[in-house]
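*Asks:* Sequence:
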Amino acid sequence: MSLLDVSQSRATRRSRVYSGRIRRSILGAGLRHPAIFLHLPKCGGTSLSEALYATVPIHKRVGVIDALSTRRAAAVLEFGKDDAWLCHDDLEHGHLTFDLRERLLLTHGCWNTDLMHGHVLLTERVRTHLLKRYKLLTIMREPVARTISNYRMAVAAGIADPDPEQWLESPIARAHTTTYLRYLSGTASIPVGEDAAYLAKATEALKDFALIGFLDEIGGFANAFESVFGAALTLHTYNQAKGPRVDFSPAQMDRLSEMCAADMAIYASAKSLQNAQIS
Numbered sequence: 001m002s003l004l005d006v007s008q009s010r011a012t013r014r015s016r017v018y019s020g021r022i023r024r025s026i027l028g029a030g031l032r033h034p035a036i037f038l039h040l041p042k043c044g045g046t047s048l049s050e051a052l053y054a055t056v057p058i059h060k061r062v063g064v065i066d067a068l069s070t071r072r073a074a075a076v077l078e079f080g081k082d083d084a085w086l087c088h089d090d091l092e093h094g095h096l097t098f099d100l101r102e103r104l105l106l107t108h109g110c111w112n113t114d115l116m117h118g119h120v121l122l123t124e125r126v127r128t129h130l131l132k133r134y135k136l137l138t139i140m141r142e143p144v145a146r147t148i149s150n151y152r153m154a155v156a157a158g159i160a161d162p163d164p165e166q167w168l169e170s171p172i173a174r175a176h177t178t179t180y181l182r183y184l185s186g187t188a189s190i191p192v193g194e195d196a197a198y199l200a201k202a203t204e205a206l207k208d209f210a211l212i213g214f215l216d217e218i219g220g221f222a223n224a225f226e227s228v229f230g231a232a233l234t235l236h237t238y239n240q241a242k243g244p245r246v247d248f249s250p251a252q253m254d255r256l257s258e259m260c261a262a263d264m265a266i267y268a269s270a271k272s273l274q275n276a277q278i279s
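Taking this note's numbering, the leading residue of the sequence shown gets 1, the next gets one more, and so forth.
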């Protein structure tokens with residue numbers, strides 16, 4: 001995609017967001033409840049976020065906990081360097097970025113921001129101080145497919161080895177394959193061999209969500225969102241850059257599935273919870 005195409009795409013998205021917000025201001029309509037969209041990486045949340053922003057009247061606040069700027073700011077604060085990769089979420093100093101995002105989320109909550117969105121961890125402080133007033137929502141995706149998408153993006157960014165075997169041995173693969181476990185247990189990095197110790201906490205946290213959607217059932221999510229939040233979503237699909245193709249051998253796929261075991265258990269629990277709510 002050329003720079004011109006990127007610029008035009010961004011302009012189109014902004015236009016859709018602000019036209020939706022202005023229309024809701026005129027109609028006096030908005031979200032029935034203030035909300036936090038906990039954005040799990042590579043689950044279709046970027047397209048969904050546009051639709052969510054458009055539900056908030058222009059005179060109310062949308063708090064975007066931006067991924068790139070928080071990485072840069074964390075590096076500036078800790079190391080005195082404006083470096084987008086130094087404190088990347090999935091790398092050694094990623095906890096510094098997550099700490100900053102938690103502070104920003106809590107700040108927006110204390111400011112009574114109507115809708116908050118970002119790659120944020122569900123920490124104890126967030127649960128204690130925000131969930132009494134805010135309803136929590138997220139979108140999930142089958143964990144192995146989500147992880148492969150995350151890996152391809154990391155290869156394109158130059159932070160992951162393009163050789164799947166080398167990647168599987170790396171700390172970044174560990175971060176990718178425990179994404180749900182990390183985000184829902186409120187922990188930036190899960191020590192190797194301790195997945196089980198965090199799994200119960202992450203699974204229990206699913207009950208904190210007013211709404212959990214699934215990428216392969218996005219229409220159902222939109223309907224459920226309107227039922228819970230009283231606002232209709234207008235969803236658009238964008239062709240996201242997926243990164244280079246990567247090929248896994250059957251043995252590597254088996255290993256990848258094993259590494260995703262905790263995330264797969266969380267995903268299955270979320271599906272069961274959804275089915276129980278519907279029945």
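No lab work stands behind these hints, which were simulated from the structure alone. In this text, a Cβ means the ideal position worked out from N, Cα and C, and glycines have one as well. Don't take every hint at face value.
[Said to hold, decoys possible] No more than 30 Å apart at the CA atoms, straight line, and that leaves these computed lysine-lysine pairs for DSBU-like:
hint: 1; residue 1: Lys271; residue 2: Lys207
hint: 2; residue 1: Lys135; residue 2: Lys60
hint: 3; residue 1: Lys271; residue 2: Lys201
hint: 4; residue 1: Lys207; residue 2: Lys60
hint: 5; residue 1: Lys135; residue 2: Lys81
hint: 6; residue 1: Lys201; residue 2: Lys60
hint: 7; residue 1: Lys132; residue 2: Lys201
hint: 8; residue 1: Lys132; residue 2: Lys81
[Said to hold, decoys possible] Ranges between beta-carbon positions, derived for each pair:
hint: 9; residue 1: Asp254; residue 2: Lys132; range: 38 to 46 Å
hint: 10; residue 1: Pro250; residue 2: Ser69; range: 37 to 45 Å
hint: 11; residue 1: Arg245; residue 2: His129; range: 31 to 39 Å
hint: 12; residue 1: Arg16; residue 2: Leu68; range: 19 to 27 Å
hint: 13; residue 1: Thr46; residue 2: Ser257; range: 21 to 29 Å
hint: 14; residue 1: Ser257; residue 2: Ala197; range: 18 to 26 Å
hint: 15; residue 1: Ile22; residue 2: Pro171; range: 41 to 49 Å
*Asks:* Would the pair Lys271 and Lys207 pass a check requiring their Cα atoms to be no farther apart than 30 Å?
*Replies:* Distance of about 12 Å is within 30 Å: holds.
*Asks:* Given the proposed pairing of Lys132 with Lys201, does the C-alpha separation stay at or below 30 Å?
*Replies:* holds, 19 Å
*Asks:* Is it true that the CA of Lys132 sits at most 30 Å from the CA of Lys81?
*Replies:* violated, 37 Å
*Asks:* Given the hinted pair Lys135 and Lys60, is their Cα-Cα distance within 30 Å?
*Replies:* Holds - the C-alpha atoms of Lys60 and Lys135 are around 17 Å apart, at most 30 Å.
*Asks:* Assuming the hint says 41 to 49 Å, is it satisfied by the Cβ distance from Ile22 to Pro171 or not?
*Replies:* The hinted range 41 to 49 Å holds for Ile22 and Pro171, with Cβ atoms some 45 Å apart.
*Asks:* Is 38 to 46 Å respected by the C-beta to C-beta distance linking Asp254 and Lys132?
*Replies:* holds, 44 Å
*Asks:* Does the Cβ-Cβ separation between Arg16 and Leu68 fall within 19 to 27 Å?
*Replies:* holds, 21 Å
*Asks:* Verify the CB-CB distance for Thr46 and Ser257 against the hinted window 21 to 29 Å.
*Replies:* holds, 26 Å
*Asks:* Take a quick look at whether Lys271 and Lys201 sit within 30 Å of each other, Cα to Cα.
*Replies:* holds, 17 Å
*Asks:* So if I understand the rule, the pair passes when the alpha-carbon distance is 30 Å or less; does Lys135 with Lys81 pass?
*Replies:* violated, 36 Å
*Asks:* Between the alpha carbons of Lys207 and Lys60, is the straight-line distance 30 Å or under?
*Replies:* Between Lys207 and Lys60 the Cα gap is close to 28 Å, so the pair holds against 30 Å.
*Asks:* A range of 31 to 39 Å was offered for this pair. Does it hold for the Cβ distance of Arg245 and His129?
*Replies:* The hint (31 to 39 Å, Cβ to Cβ) is violated, given that Arg245 and His129 are roughly 44 Å apart.
Going down the numbered hints, you'll see the structure goes against 5, 6, 8 and 11, while the others check out.
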